[in-house]
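Use these hints to put chains B and C onto chain A, whose structure you have.
What follows is the residue order along each chain.
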Amino acid sequence: MTDIHLSVKGLDKWYGSVHALRNLDLDIPRGQVVGLIGDNGAGKSTFIQILSGVHRQTNGEVFFEGTPVDIRSPRDAMNLGIETIYQYTAMVPEMSIARNVFIGREKRKFGPRGFGVLDEKAMASQALRAIEDVGLHLRSAETPVKDLSGGQRQGVAIARAMHFRASMLILDEPTNHLAVKEIGKVLDYVRQLRDQGITVIFISHNLHHVHEVTDRVVAFSRGSKVADVKAKDTDVKQMIDLIT
Amino acid sequence: MKNLTKNLGLCLTLVAGLSAANAAMAQEDNYRFTILTQTGVDNTFWQTIKRGMDDACADYKVDCQLLFNQENGNLQQHLQNLETTIAQGVDGIGTVIVEDNLYDEAIARAVDSGIPVVTLNVDDTQGADGNARLAFIGQDLFQAGYEVAKGLLVDMDKTQPQHVLLGLARPGESWAEDRIGGARKYLDEAAADGWNLTHETIDSANDLSITGQRICQYVQGNDKTTAVIGAGFWFAGAGECLRDLGIEKDQIRMGGFDLVPILLDEMNKGYVHLTVDQQPYLQGYLPIQQLYMIKKYGLSAYDANTGKALIRPDDVASVEKYVGMGVR
Amino acid sequence: MRFSEILRSKPEASAFLMLAVMTLLFTFLSPAFLTYNNFQIVLQPIPEIALVAIGVTILMISGEFDLSVGSVFALSPMIMVLALGAGMPLVLAMLLGLCAAIAVALINAAITLRLGLPSFIATLGTLFMARSIAIVAAGGFPPAFPRDLDLWWIVGKVDLLRVSVFWLLAIGILLGIVLRKFDFGSWIFATGGNRQAARDMGINTARVKTICFILCSSLAGFAGMIQTFRIKAMVPTMGTGFELTAIAAAVIGGAALTGGIGSVTGAVIGALLIAFIENIIILMRIDANWFRFAVGAMIVIAVAINKLTRDWAGISKQVEDDND
Chain A
32 MTDIHLSVKG
42 LDKWYGSVHA
52 LRNLDLDIPR
62 GQVVGLIGDN
72 GAGKSTFIQI
82 LSGVHRQTNG
92 EVFFEGTPVD
102 IRSPRDAMNL
112 GIETIYQYTA
122 MVPEMSIARN
132 VFIGREKRKF
142 GPRGFGVLDE
152 KAMASQALRA
162 IEDVGLHLRS
172 AETPVKDLSG
182 GQRQGVAIAR
192 AMHFRASMLI
202 LDEPTNHLAV
212 KEIGKVLDYV
222 RQLRDQGITV
232 IFISHNLHHV
242 HEVTDRVVAF
252 SRGSKVADVK
262 AKDTDVKQMI
272 DLIT
Chain B
21 MKNLTKNLGL
31 CLTLVAGLSA
41 ANAAMAQEDN
51 YRFTILTQTG
61 VDNTFWQTIK
71 RGMDDACADY
81 KVDCQLLFNQ
91 ENGNLQQHLQ
101 NLETTIAQGV
111 DGIGTVIVED
121 NLYDEAIARA
131 VDSGIPVVTL
141 NVDDTQGADG
151 NARLAFIGQD
161 LFQAGYEVAK
171 GLLVDMDKTQ
181 PQHVLLGLAR
191 PGESWAEDRI
201 GGARKYLDEA
211 AADGWNLTHE
221 TIDSANDLSI
231 TGQRICQYVQ
241 GNDKTTAVIG
251 AGFWFAGAGE
261 CLRDLGIEKD
271 QIRMGGFDLV
281 PILLDEMNKG
291 YVHLTVDQQP
301 YLQGYLPIQQ
311 LYMIKKYGLS
321 AYDANTGKAL
331 IRPDDVASVE
341 KYVGMGVR
Chain C
101 MRFSEILRSK
111 PEASAFLMLA
121 VMTLLFTFLS
131 PAFLTYNNFQ
141 IVLQPIPEIA
151 LVAIGVTILM
161 ISGEFDLSVG
171 SVFALSPMIM
181 VLALGAGMPL
191 VLAMLLGLCA
201 AIAVALINAA
211 ITLRLGLPSF
221 IATLGTLFMA
231 RSIAIVAAGG
241 FPPAFPRDLD
251 LWWIVGKVDL
261 LRVSVFWLLA
271 IGILLGIVLR
281 KFDFGSWIFA
291 TGGNRQAARD
301 MGINTARVKT
311 ICFILCSSLA
321 GFAGMIQTFR
331 IKAMVPTMGT
341 GFELTAIAAA
351 VIGGAALTGG
361 IGSVTGAVIG
371 ALLIAFIENI
381 IILMRIDANW
391 FRFAVGAMIV
401 IAVAINKLTR
411 DWAGISKQVE
421 DDND
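Protein chains in written order, with our numbering: chain A, 32 to 275; chain B, 21 to 348; chain C, 101 to 424.
So here's chain A without its partners, still in its complex pose:
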């Protein structure tokens, strides 16, 4: 029997009178890279927003490592080990890399969370190590994020997730708005994650990117799952047919 990392049963989401997600069943084995594809409004964003704690489902259940969980906030998701990398990278441009890596989860020398003194040295050295671990080489962790390129920012975001020992990573359109050579880097990150045994949910409009790095492709249309196939059994042309 395979080790199921996350599974959902009968997941439903209504936004007012809009049925955004219809009775979704899905099992994701540990270590698998799953690509989610679908047109705008197909339900894939709704699905990951439920997993990352931004919205809650109307009906249905989420099981994490076999036990039912209730994800009420982004913090709940992070505590489970689910980290989300947003298209906009969830970085504060004016703040340093070190500060950005530890946003909301700062290292403290002493004091309770919310009124603790920052351990800036530890944050700087750990942030630098974390970004080196994903193969990104930057001079200093004190550089403000606004000075980084889009690809570098994605790298820092992934380093952040890895530093906090994410066992599952959700990448929401990570290749959008990137230069060509940077896209290659981001796809490399995804391969690295698979090599480390991390479960990845990869969302993209670009079916070539999805096909390149995923093990399995799940297609959504109008809130429902319409296909679930191994990546090697399909090709880009067939994927286009699936979602249109």
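Certain hints may be false.
[As the list claims (entries may be wrong)] Simulated coverage check for chain B against chain C, where a stretch passes if three residues somewhere in it have a Cβ under 8 Å from a Cβ of chain C:
1) 142 to 156
2) 183 to 192
3) 257 to 265
4) 271 to 282
Keep in mind the hints are simulated off the structure, nothing from the lab.
All C-beta atoms, glycine included, are put in the ideal place defined by N, C-alpha and C.
What follows is chains B and C alone, placed relative to chain A:
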């Protein structure tokens, strides 16, 4: 079409009914008077005027309203309030005139249509020649400024050179310009008489802290300064920092207008020497009384100068009691 | 660190530079400027302006705006003076005054965060409302200020300064440390710098903003009390227009209207600069009718120089990168 006629009929009945009700009220002498000002509700001076108005309205059993401006000094808004009041058809209006031409047309129209209008507190600078209003109840601002300068300098040594700082609280507003203009006139006359007297005007603002600051900074930079005249009461805020500068009591003589606790305090401490009380209570009481007499007995309006009360440190004890009551 | 990098990373650096230049310039313009007596006067209201500017700056960093500070500046001391008049002990009366400030802050936060109105509008509303309450509370008349209070610990004279300067220093240093060295400070910058990111990374941004609203309002109330103690009088008009001075000080000090940028030091420098500008205009005996023009022009010049120096620093950084 039928519906429309029906609605129109209903409306007409309603209006007729309301007018009838109004007429009935008028027969019971239920006059409605409105007083308007260009200042905001936060002007403490006007609160004393309001007290006078309220008392008069209680005495004569009339319905009164005081309309403040939402935004201090916004004359267009003030004019609009005036227009609205006239359109409302009240029985009498009291207002300030802080700009010579702005209100002429509206007030003339009101008077022509039988609504008596008197001015209070601030009048057209040309008086009755400049506006159709029936009378002015208040201080002759220019004259009062003249009196303050004269009263403040009367005890000063005419053989020595003297330098007077004039604090123009609101440049461009006639009440402040008039008062300081009056003071300037006296100073120029005295200087023409051969007294070595100089003066300078600054924008002193109307806030105790800011005005105090500006006066002290000026005095500090111009140590020949021997007297300060303010266009309001805010100059009293300078007492504290003058003491910080090491200036002894009576070393600099300060004078200005109106009565507030801090001004009386500074008089006791020897840093303020003169103030003119324009008796705002009367400026609220007399307009209502006049409007009532005009409506009720057809008497005519008359000018009243409420602002000749010179108050010196010796008077503080007797005045303080009334300040506490909110009538001075 | 290179000069241009300091300018870029520290928003208050160019303000500080400007303060130095202006001080030098003013010393040449008037011999009365850099004198003991003049500074004794100029420094008096600095703690009051600077405390309000610090509060406004921190709130601006968190991405919100507070126009109501000008009225809270009067409301808090008004409540306090009335409580003193009713026989309440000084410290209790001050706490009551601060409660009024916090009440206004909570209304500001509720309108902004729950109803989703821009804080500019919300606090524009409370600016008027708080002023009205201050007037109504006093029944329209300036209440008498109690004459025999021991106020040395707040506004006593210490040579050139007043004790209030030490309150400013203590509060400024404390808040500066919280902003730079505490995790909560980091949350304030994150909330204002990119609210979506802060929220997605698990920060309760509504709570962060609410605390900043409370801080801003309380500082304005406390500053108003200091002014009341200093001039020993209470009029309901005090602080009218003060919100604009405070915002000007914050902006001169490098705070961005868009949030996420600013510093406590910058706010204090901004307050000093505005006071110096007013001072030199008086010392130079600028004509009464031109006074506001001069003040306004100087403020625009100050902010423009601030922006230009930072832009220049940004460009030289880019040139450097291209050469790498």
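Handout entry: Given coverage of the region 257 to 265 of chain B by chain C, checked by CB-CB distance under 8 Å (3 or more)
Key = Coverage by chain C holds for the region 257 to 265 of chain B (5 residues, Cβ < 8 Å).
Handout entry: Verdict on chain C covering the region 183 to 192 of chain B, criterion of 3 CB contacts below 8 Å
Key = holds (count 3)
Problem - Three-residue Cβ test at 8 Å for the coverage of the region 271 to 282 of chain B by chain C - result: Contact hint for the region 271 to 282 of chain B vs chain C: holds, 3 residues under 8 Å.
Exercise for the section: Report holds or violated for chain C covering the region 142 to 156 of chain B, Cβ cut-off 8 Å, minimum 3 residues. Expected result: violated (count 0)
In terms of the numbered hints stated before, the structure departs from hint 1 and from no other.
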